[in-house]
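Whenever a hint applies, use it, and build me the whole structure from the sequences.
Protein sequences, first through last, are from chains A and B. The numbers in the UniProt record's numbering rise by one with no breaks, and the one at position 205 of the first sequence is 205. The numbers in the UniProt record's numbering rise by one with no breaks, and the one at position 194 of the second sequence is 194.
Take every hint as true, because none was put in to throw you off.
In silico DSS-like cross-links for lysine-lysine, where the CA-CA straight-line distance does not exceed 25 Å:
1) A/Lys-135 to B/Lys-51
2) A/Lys-135 to A/Lys-186
3) A/Lys-193 to A/Lys-128
4) B/Lys-320 to A/Lys-128
5) A/Lys-135 to B/Lys-320
Chain A is nowhere near these chain B residues, computed Cβ spacing over 12 Å in every case:
6) Leu-65
7) Thr-72
8) Tyr-91
9) Pro-166
10) Gln-261
11) Ile-262
12) Asn-263
It should be emphasised that the hints constitute simulated quantities derived from the structure, not laboratory data. Remember, predicted model here, so these are calculated numbers, not experimental data. By construction, the Cβ of each residue, glycine as well, lies at the ideal position given by its N, Cα and C atoms.
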Amino acid sequence: MSIINPTAADSVSLEVAVRAIPKLERQTFESRAMKSGLLTTLTWAAALVAAIPLFSVLYMLVVEGAARIDFEALTALPPAGFEQGGGFGNAIVGTLLMVGIGALIAVPLGIIAAIYLSILGAQTRVAKVSRFLAKVLTGLPSILAGVFAYAAVVVWMGTYSAIAGGIALGVLMLPTVILTAEESMKEVPQRMKDAAFGMGCTRSQVVWSVVLPTGLPGILTGVMLAVAGAAGESAPLLFTALFSNYYVSEVAEPTASLSILIYNFSAMPFDNQISLAWAASLVLVFMVLVINILARLLGRSKV
Amino acid sequence: MARHQFNVSSSVGGVCAPPSSRQLTSDLLFRGLAWCCAAFIILLTGYILYKIGVQAVPAMQQHGLGFIFGTTWDVSRDTFGVLPEIWGTLYSSLLALLIGGTFGVAIAIFLTQEFIGPRLASVFRTIVEMLAAIPSVVFGLWGIYVVIPMLRPMSEFLNEYLGWFPLFSTDLAGPGLAPAALVLAIMILPTVAAISVDAMRRIPYKVKEAAYGMGTTRWEAILKVMLPTASSGILAALVLGFGRALGETMALAMLIGNSNQINISLFAPANTLASLLASSFPEAGVVEVQALMYAALVLLAITFLVNVGGLAIQQYTVRKFEGKR
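And the structure:
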């Protein structure tokens, strides 16, 4: 069987071999290709349909809410019954106050716990258990944080208060802060830490002068996401902060919040209250989305 | 020159001097503090369980297991049962999972399998993530004024022509299961999508190349290779999304109708454990608060089990692809 001068028998076997290879092109209307095209279309449709709710919500907020927003709505007290006008200034203040209290509790605690989880004791049993529980707590229904704060704070203090609301929000913010801070501190290159150790730094010095500054953008992103999430929460405030028709004057009394105002007003039979609920929603969504977008920009600059 | 540098760096407080005793003490203190903060999470979780549990004890002693199988919630007769709420919680969450899960996984495929360019994909990702940022109470408001009016003619039509079919046996009078489940689906979609995307991203690129090399179409590769490989991660996404749905409160309290009945119809009003808590707690007396604490404990137990299950599957997936952690 010479290659230079193939015999007749050789060329026949060659032909058989060629014929045994199936066609390598796919026909446009072959059933497999059709099925693939159909599924692709369906996926596109699913993706586009999923985007509709967001745009519908934003559209309603702009159409129903923006018309009602003015200085009065942002500063006045909520109207009662048939009253016209009014606003939700006290609810804005209350939301900011309670999110502030929650952040004051959750941010330092969460970041220091994350330092332990990511650097000081990453493989210890305490770290493993608390990491796992932090993940479980992210799935804690927000209303149960409210039930907990009711049982722990409201019953103890004897009154609904901004503190109880703030603690409930803090419980919800804590796991987010911990998990994102841990993640961003883990991303600090090991060589940077090793270099600092090589200089004779103690572990705390490595944390304070190398890991925290390097991981800061990621940590801040997590904090802002937690704050944004807490600002939108309403279930935990239902029976911890309750509501109030006046500006908050001390932290140990019932306090208004935007989300509870929306909840209360949404069920009222008065047009004025309903349009105020839309306006309050617009303010709330604006706050939450702005913090979210800032967090995203901050997180991106890191990479 | 070299001699000078050595002097600088070795002098006390210089760059490579050993830590002073003050620095060692503060290091010890800080590490102690960090340990305390980490341990605090464990204590907090325990304390949450304990606090809710203790408040529920009187109701548990009084009603026992009958609480779970009872179907009436009547303060005046001191009769409390949460079976309709458990039914409503599971039913609404399953419906939401059916819709939100399908769309969530479809979007995960859409975002990871190169249907669109990376820049457009990140825009799309942002849109889906923003869905997660919209507060529950705003979705509730939107549900009342957009979803219910939209569903009402549809429910009338279905009830009129297909009323013999149990799912359509009632009409949508106002709030009800269907709008609640639909909004719930929208709310869990970002969770399902995000975790599924993670699962699909973990698949090594070689796997897809090998599939294409065998001559598969894009969808044969997705359905027969990518999805089975990512199946455990997608399962985790669905379970965790289900857990989210079980605990959602405000949107449901506003949309589901708060009616204590067990009805299979999609358009009937129902109730969930979370919305029972939300709607009854603020005005409850001492005895009812105890019963509500019991209900909270039931909800806590269900969501805890589902979440731990989801996390376990997720951890298994990570281990499968990235070795033991």
